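For the record, the sequence lines run as chains G and C.
Using the numbering used here, read the first sequence as starting at 1 and increasing by one per residue.
Using the numbering used here, read the second sequence as starting at 1 and increasing by one per residue.
In short, the hints are calculated from the structure, not lab data.
Computed from a prediction, not measured in an experiment: that's the story for all the values here.
The beta-carbon is built from N, C-alpha and C at its ideal position, and this holds for glycine as well.
Hints are not guaranteed to be accurate.
Looking from chain G toward chain C, a few residues come up when the C-beta cut is under 7 Å (computed) [as the list claims (entries may be wrong)]: (1) VAL23; (2) THR24; (3) ALA87; (4) SER90; (5) GLY91; (6) PRO105; (7) LEU107; (8) LEU120; (9) GLY123; (10) VAL133; (11) LEU138; (12) LEU140; (13) PRO142.
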Amino acid sequence: MNMPYSWIFFAAIALVFWGITGVTQKLATNRISSELSFLWFAYAMIAISVVLAATVTVHWQVRPFIFWLAVAGGTLNGLGALTSFKALESGGKASIVISLISLFPLLTVAFGVLALHEKLSLGQGVGVLLAIVAAILLSLEPAAL
Amino acid sequence: VVVPATALFPVVTVILALSFLRERLGRAQIAGLAIALVAIYLLSTA
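Isolated chain G (complex conformation) (with noise of 0.2 Å):
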């Protein structure tokens, strides 16, 4: 589907879903486990690529270094959800602590400057110390509330 302007949808509908399930993990990790609900949340996962796997068509012959790049994504996103789960376990509000994660751009400039020699822009430049500042004020709880 590469209908003009098709992105504009596709990514109208990552940010709500995404936005949402930032409430449905904290609504879910007040009445049980960050574990099991990390599991239901893996379940669903497994649901949507089967059905996906099922009705798709997909070249499964990739390259083993794109395989294992894949593979690799997966693992940090899944092991990045179970601990975002836990960070809501342990009394984190939904709104503060998916703003923090959402600052995780700041690791992959800082990856493209250190590791890969990416020039910074001037942008990303106040953007980095920006997101020092936000995180600093996100993790002051206020005294009384």
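Keeping the supplied structure of chain G fixed, place chain C upon it in accordance with the hints.
Leaving out everything else, chain C in the frame of chain G:
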């Protein structure tokens, strides 16, 4: 542009968490949220 657009998903979470979960934030955290959104956008572009 897709990444910056989807990177702003915390806005949805914050709105829902404040309205449905009745989360209350301190002034510093509210300022942090606003700054974080700008930072996320800047970091995700270019």
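Checked hints:
no., hint, result
1, VAL23, "holds (4 Å)"
2, THR24, "violated (9 Å)"
3, ALA87, "violated (13 Å)"
4, SER90, "violated (15 Å)"
5, GLY91, "violated (12 Å)"
6, PRO105, "holds (4 Å)"
7, LEU107, "violated (10 Å)"
8, LEU120, "violated (9 Å)"
9, GLY123, "holds (5 Å)"
10, VAL133, "holds (6 Å)"
11, LEU138, "holds (4 Å)"
12, LEU140, "holds (4 Å)"
13, PRO142, "holds (3 Å)"
Hints 2, 3, 4, 5, 7, 8, counting from the list given before, are not met by this structure.
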